Amino acid sequence: MKSILIFVLLFNLKGARKIFEIHSQSMMKTEKIDVDSILEGVEFSGADIKSICIEAGYRALRDRRREVTNDDFLKAKEQVAASRKANPDKEGKYIA
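When you line the sequence shown up against mature numbering (1 follows the signal peptide of the UniProt record, and there is no 0), it's residues -16 to -1, 1 to 80, in that order.
Calculated from the structure, these hints are not laboratory results.
Treat the numbers as computed from the prediction; the structure is a model and nothing was measured.
Please note that the accuracy of each hint is not assured.
[Claimed, not checked] DSS-like cross-link-like pairs, simulated, lysine-lysine; straight-line CA separation at most 27 Å:
id : residue 1 : residue 2
1  : K(-3)     : K34
2  : K(-15)    : K59
3  : K13       : K(-15)
4  : K2        : K13
5  : K69       : K2
All chains, please: the whole structure from these sequences, using the hints.
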């Protein structure tokens, strides 16, 4: 069976911010979330950003909290970034 690679475009900070807003808009947050600190430093795909939001929500639930904190998002970012580093393709981009 022949493999097909699909390359996913990564977003600039402005686009990433918008995607983050979409995926986190229904989440209850305890404080103002510093989106730039969450998204800067690593290039994320839309799926990565969604994963960060989902994982941040799970972190709050595991701690029996209804609200997500900035720290939840930062720890979720670290987890998603580590996962991406562990599974890159040959070109250094990531496949969906």
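Pair hint outcome, K(-3) versus K34 [Cα-Cα no greater than 27 Å]: holds, 16 Å
Hint consistency between K69 and K2 [alpha-carbon to alpha-carbon, up to 27 Å]: With a Cα-Cα distance of about 24 Å, the restraint between K69 and K2 holds, given a limit of 27 Å.
Pairwise hint evaluation, K13 against K2, where the allowed Cα distance is 27 Å at most: holds, 17 Å
27 Å Cα cutoff - pair K(-15), K59: Between K(-15) and K59 the Cα gap is close to 37 Å, so the pair fails against 27 Å, i.e. violated.
27 Å Cα cutoff - pair K13, K(-15): Roughly 45 Å between the alpha carbons, so the hint for K13 and K(-15) is violated.
The earlier numbered hints that this structure contradicts are 2, 3.
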